[in-house]
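The task is simple: from the sequences and hints, build the whole structure.
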Amino acid sequence: MVDDDRLKALFAYDEPPPRDPAFSSAVMAEVMRRRFMVDVALLSGVSALGGTALWALWPSLQPALVTISQGLAPAIVAGALAMGAVALLGGRQASALLGLES
Amino acid sequence: MSPAGLDEALVAAAQAGSTDAFSRLVERHQQAVRAFLRRACGDWAQADDLAQETFLAAWSRIGRLKAGASVRAWLCGIGYNKHLTARRSGVRDRIRDESYEADRETACGPHAADKMALEAAMGELPEEQRACVALCLAADFSHSEAADALGLPLGTVKSHVTRGRARLLQALGGPDGR
Chain G
4 MVDDDRLKAL
14 FAYDEPPPRD
24 PAFSSAVMAE
34 VMRRRFMVDV
44 ALLSGVSALG
54 GTALWALWPS
64 LQPALVTISQ
74 GLAPAIVAGA
84 LAMGAVALLG
94 GRQASALLGL
104 ES
Chain L
68 MSPAGLDEAL
78 VAAAQAGSTD
88 AFSRLVERHQ
98 QAVRAFLRRA
108 CGDWAQADDL
118 AQETFLAAWS
128 RIGRLKAGAS
138 VRAWLCGIGY
148 NKHLTARRSG
158 VRDRIRDESY
168 EADRETACGP
178 HAADKMALEA
188 AMGELPEEQR
198 ACVALCLAAD
208 FSHSEAADAL
218 GLPLGTVKSH
228 VTRGRARLLQ
238 ALGGPDGR
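From first to last, the protein sequence lines are chains G and L.
Reminder that position 85 of the first sequence reads as 88 in the numbering used here, one-by-one numbering, no gaps.
Reminder that position 51 of the second sequence reads as 118 in the numbering used here, one-by-one numbering, no gaps.
Just so you know, the hints here were simulated from the structure itself, not pulled from any lab data.
All figures in this text were calculated on a predicted structure; none of them were measured in a lab.
C-beta: ideal position from N, C-alpha, C; glycine also.
Misleading hints may appear alongside valid ones.
DSS-like, lysine-lysine: derived pairs with alpha carbons at most 30 Å apart [to be verified]:
(1) Lys11/G - Lys225/L
(2) Lys182/L - Lys225/L
(3) Lys225/L - Lys149/L
(4) Lys11/G - Lys149/L
(5) Lys11/G - Lys182/L
(6) Lys225/L - Lys133/L
Covered stretches of chain G (chain L as the covering partner; in silico rule of three or more C-beta atoms under 8 Å from a C-beta of chain L) [to be verified]:
(7) 13–25
(8) 62–75
To be clear about the criterion: a stretch of chain L counts as covered by chain G if any three or more of its residues have a C-beta under 8 Å from a C-beta of chain G, and this derived list gives those stretches [as the list claims (entries may be wrong)]:
(9) 178–188
(10) 216–225
Written out as structure tokens, the structure is:
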């Protein structure tokens, strides 16, 4: 066992530090980079698929969308006006709360 | 929590997609993997490159790791395969002795000669034997854990360790391990 201890002591020269933030950071940076690339590839694929499907279906979708949009136009305008009013009133209240208005 | 229990929890979290958990696994096992690869390939810079590739491969394969399996043996197994692939492909064809001299800190002190003799003897061991010695004698792997990591039969690992130990001790001028 003395021989084994001797070998172990000599092998200990090769031992990296128990904690090496530089190494761990390099690994994790590469992991995140690859994950990002996978996400980008996935999103690109989904977008391309969606675009192709829309292009293929557009001739049949277009008449339906025109009809729907004509029917919904008043409701959309009313909704947009309501949202604009809320945003304006909320903005003024916020200004008052912040003391920007006298 | 025991180290094995903590590993298991971290693996489960990493399998669920947690990069934080995987980062902790890297921190916990980088020393073992890098030390093994340094001893297996003898080139510190290449060993660190291979260790990085090992962890990247581990991240993409973490879903395949079975519950309760030894993480360090699994990682060393991936690292060993990376090392063998690199050697076969010749992409990282560097001369071992040259890189030993260039990359590592020069061993000094009373054991410098022994260390150099050990390095030379390790370099002369056959690939599998060197890997078995690196795991079982230098890193306290059990024979069965090393067999799992290297994908070798248990008897072969035992025999490699015994022969490798004898050759190393012989090179160090001591008894041959019998």
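Against the structure, the hints:
no., hint, in the structure
1, Lys11/G - Lys225/L, "18 Å, holds"
2, Lys182/L - Lys225/L, "24 Å, holds"
3, Lys225/L - Lys149/L, "23 Å, holds"
4, Lys11/G - Lys149/L, "25 Å, holds"
5, Lys11/G - Lys182/L, "11 Å, holds"
6, Lys225/L - Lys133/L, "25 Å, holds"
7, 13–25, "holds (count 10)"
8, 62–75, "violated (count 0)"
9, 178–188, "holds (count 4)"
10, 216–225, "violated (count 0)"
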